[in-house]
Amino acid sequence: GAGVSQSPSNKVTEKGKDVELRCDPISGHTALYWYRQSLGQGLEFLIYFQGNSAPDKSGLPSDRFSAERTGGSVSTLTIQRTQQEDSAVYLCASSPFSGARANEQFFGPGTRLTVL
Amino acid sequence: KQEVTQIPAALSVPEGENLVLNCSFTDSAIYNLQWFRQDPGKGLTSLLLIQSSQREQTSGRLNASLDKSSGRSTLYIAASQPGDSATYLCVWRIEGSYIPTFGRGTSLIVHP
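Sequences listed follow chains A and B, in order.
The numbering used here puts the first residue of the first sequence at 1, with every later residue one more than the last.
The numbering used here puts the first residue of the second sequence at 1001, with every later residue one more than the last.
Any given hint might turn out to be false.
Unchecked claim - Among the chain A residues that face chain B by a calculated CB cut under 10 angstroms, a handful are:
no., residue
1, Q37
2, S58
3, F65
4, F106
5, R112
Keep in mind the hints are simulated off the structure, nothing from the lab.
Just so it is clear, CB atoms sit at the ideal spot from N, CA and C, and this is done for glycine as well.
Bound-form chain B, shown alone (with noise of 0.2 angstroms):
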């Protein structure tokens, strides 16, 4: 069975910090790796999607990578602010399955 290990599940820091959300998956045979925000009572956004040939994408203030061979992925927030609060949800498909696997996410807080 799949799984994905969200770490940590809650964090609470000053704004202005950099931080580092962690997921881990079970199976090398990834095909693609997708990282979301939540924010509560809504849908997903799309963040990051890394195929399992990259090792690395960004956008703006995030940089996601993927370590295939240790079956971990990292969410990078440079600089965060008030407005990064959310929870962030890491989803992994492996090859041949269309069926995602997700994680139980990261409650993210940052305070003014």
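If we strip away everything but chain A, and leave its shape as in the complex, we get (with noise of 0.2 angstroms):
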């Protein structure tokens, strides 16, 4: 079946432009994962929605960062006023509640965010 999807693959930005970028998890995955790995850095967890729940947002790094998932299923991370810090690679993952594989994680191919 589809994996995660995210949008664009690449992304080129001036600094203080506004971004979004775009997750479509797996169908049927009711937790949904926003990671940044900057260049040769691990993996940073951003932000963590479950169902309906509240977010769980405490790794957004400022308040220019926000993401919302509309519908238990697409998400959306935005960057307001861009920095050149916030060049990275931002990851997506997807992850069942039940089943075999519950909690197992699945990651998309990720965004390349580039700030000029």
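Put the two chains together into one complex, using the hints given.
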């Protein structure tokens, strides 16, 4: 079946502009995560959605970052007034809540963001 | 603070060798542990998931074990091939938390 998809695959923007990154999770997966991976660094947790519960935003680095998940499916990560240090690969993952592969994370291909 | 340590950080071996990648974590109240591979410029591909009640999981040439008491997991790769070249990441979650902790990875190169 279809995996996690993300768009765009690459995004180049100018400092100060806003960007939106999209994640389409696997159908039926109730959990959705956003991560950031800077060059040569490990993965950094940003935000977690589970069903209709309030998201865990504890990993968002500043109030310029926000995320939504509409209808328990598609999620959008928005970065306002982008800075050069926001340049990274943004990865999305989804997980089923139950079943044989409960809580196993499935990752999308990522969006590479470059802020000039 | 939960941490994950992966050893070695990098490994270069000739094709055909059997490999052991190590992951250690800091809390025995582990919920699950997942091994991924990441190819350059790509996302993460799930290899194996071990629940806290399990001791090991196997998929093809891969075998992952979990020892909660010692805080360790081992990924064993049998008869390595050049296509196994990638970065291998260990990720774990503790009980009561949905936020996973990632290791920095082991960068593996298998040369022909």
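Ascending list of hint numbers which this structure does not respect:
Hint 3 is the one this structure does not satisfy, whereas the remaining hints hold.
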